[in-house]
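Novice: Listed below, chain by chain, are the residues.
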Amino acid sequence: MNENIWVLMSGDAIAIATTLILAALGALFTERSGVLNLGIEGILLTSAISSFLAADASGSVWLGLIVGSLIGALLASIHAVLSVVFRANQIVAGLALVIFGTGLANFLGKPAEGKTVSTVIKPISFGPLSDIPVIGPIVFGQDIITYLAIALAIVASRYLFNTRSGLELRATGDDPATVDAQGLSVARIRIRYTMIGGALVGLGGSWLMLAQSAGWHQAATTNGLGWIALALVVFAGWRPMRIIFGAVLFGFTLQLPFTLQAEQITFIPSAFLEMLPYLATLIALIALSRPGSRNLLGAPRALGTPFVRDER
Amino acid sequence: MQIPFRVVFEQRGETPRRLSLLVPLASVFAALFFGALFLIATGHSPIDTYSNMFQDGFASFNGITDTLALSTVLICTGISAAFAFQMNLYNIGGEGQLYLGLIGGAWAGIALGDHLPTLLMVPVVLLCGALAGAAWIFVPAFVRSRLGTSEIVSTLLLTYVGASLIKHVIYTPGSFFRNPNTSFPQGRLVADSASLDSFGSSRLYPTFFVALVIAGALYWVVKRTEFGYRINVIADSPRAAHYAGIHANRTTMWVMLISGALSGLAGAMLIVGPYGKIEPSIITLGYGYAGIVVAALARNNLGLIIVSGILFSGLRVGGNNLQVTTDTPIHIGVMLQGAILLFALGGEAFRRYHIHVVRVQDVSTKKVAA
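First to last, the protein sequences are chains A and B.
For reference, each letter of the first sequence is one residue, going 1 to 312 in the working numbering.
For reference, each letter of the second sequence is one residue, going 313 to 682 in the working numbering.
For reference, chain A alone in the conformation it holds in the complex (with noise of 0.2 Å):
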């Protein structure tokens, strides 16, 4: 069996596993603070189109970039809004974003369907160290989006766990009376970090985009990243650390497929590696579920409930 292939799987695995992290980093930020957000797939399907047309127009993945995080965080504060000062239904207010968000994005992507995008991300050359055989393509073969993302899990990490800004963040989430009663804002800090979450999802969106597509397909574009980005969230158990590994692992079941239709392997039907990926996730996510164990899981405790100061 040729042993490049599989190399060259491992690091395309890396680099799908790209938008996995943001999108999923976007979540757990967003479920830290307590506000549940299911408008992620819609929300990486219109910054990708965004950041389409605006890497496009002006010849700039860069702004590509900066455009369709803008957008993603601006998907999310109508989220923020909703839930925060509305206290409208959260699980039904992110479906809604969902399909806005689909729509929106096949109504902005019809003058571009079929084409694809005239400049892209390409990975850094780091000269020699590119050229080392299996570590080489697989390590040193990504481009700065891809490091980037996983130095955002790393800092997110610390950010969570090692700041005063990060404790009040887990806080909101998981008891958010006692961070009212320390004078801090329970609504202000929730639709801050639902925008940020935003923003990262966005960013993931558009990398996908730019980097990986590089063609607007309409909804098959992102085919379901976004459902596999919250279920990461459950599996990494809100930790951004464990959602590296999480997101290189459903990588590898996304980029299976391919390398087996590669290496002309067909005795398992295609349409069965198609669904491995969401098959491998909802194993996952009810081997992870035992009775009470949400706790145990690091769930923030206030996760998708209003926070009302008056109601007792």
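Careful: at least some of the hints might be erroneous.
[To be verified] Simulated coverage check for chain B against chain A, where a stretch passes if three residues somewhere in it have a Cβ under 8 Å from a Cβ of chain A:
| # | region |
| --- | --- |
| 1 | 459-465 |
| 2 | 468-482 |
| 3 | 657-663 |
[As the list claims (entries may be wrong)] In silico contact screen, one side only, chain A against chain B (beta carbon under 10 Å); selected entries:
| # | residue |
| --- | --- |
| 4 | Ile99 |
| 5 | Thr119 |
| 6 | Asn223 |
| 7 | Ile228 |
| 8 | Val248 |
| 9 | Glu274 |
| 10 | Pro277 |
If you're looking for bench data, these hints aren't it; they were derived computationally from the structure.
Keep in mind it's a predicted model, so treat the numbers as computed, not measured.
Note that beta-carbon positions come from the ideal geometry of N, C-alpha and C, so glycine has one too.
Please arrange chain B on chain A, whose structure you already have, making use of the hints.
Specialist: Just chain B now, kept in the frame of chain A:
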């Protein structure tokens, strides 16, 4: 910086009747206004677009019959969502259960078709579709009731699996569901006994009335039976239900299975109605997701779903025809769906709370008084 004004939410004891009607209407208009801004920004005429949508969705014979035909499916997926949502079970995988309903219905229509008369065959096809939908939600329902695994993510993930399954049964050469006589991959037609005729020159099928009857029957179940009473108690307070000796696990299981069956039924209705075979393009139409919007707009009220289902179908049908009549992208319809739902959710606050803006000083004096 201190903001001198503050928004105060005061819980309403009772919602005024006029607001129950006014708020949903206002959300629809707000969403249409928002959509108009978008249309103007992208160089389309909102007045032409909306009048075309209305004309094609409601105000013509083909329009209104197509709308009712689509509402047949959306009422089913709508009650599927609402039936689970009212118990705080978020089955958002109705889309996938609908795919399985298509497969289950097509299986019955092909395998049993020549042995049964139409009068028996159509109910069998619908039943098989419903069973397939229920089977598709079985694992999420089981792990939700036993382990507490989030049904939101699990049902959704299975939708993607279902989409692969649909493609698999149509694109695999020699598949049971694939038409053996064409080289172009398409579904095998079900037996004549398994398909109904539409009314006159319209595309409306008698299944529309089945959907109405089922919506009515479930409304009755929720309002008048012991099972419905249990659902309401669990929804209001799981703890009270526990002390009253109600088995929440078993009810959870049943509610989710029924919800899955209703989405499956919607798929089977497409088999006996317009399709007559598995149509792989179903995975791009999002009828299952639309059911969530229909349910949310009706605030999970099973009676109101018929109204919201028909209104919503009109929006879809009108939106779909835009592509033909004008150059406006078809997706404005989907975008408006989401926008209406977002505005309806925001509006809900006006229904539940008395919202008023006060000066910050007033708030502090009020607190002292309280």
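Novice: Which hints from the list above does the structure break, by number from lowest to highest?
Specialist: 5 and 8
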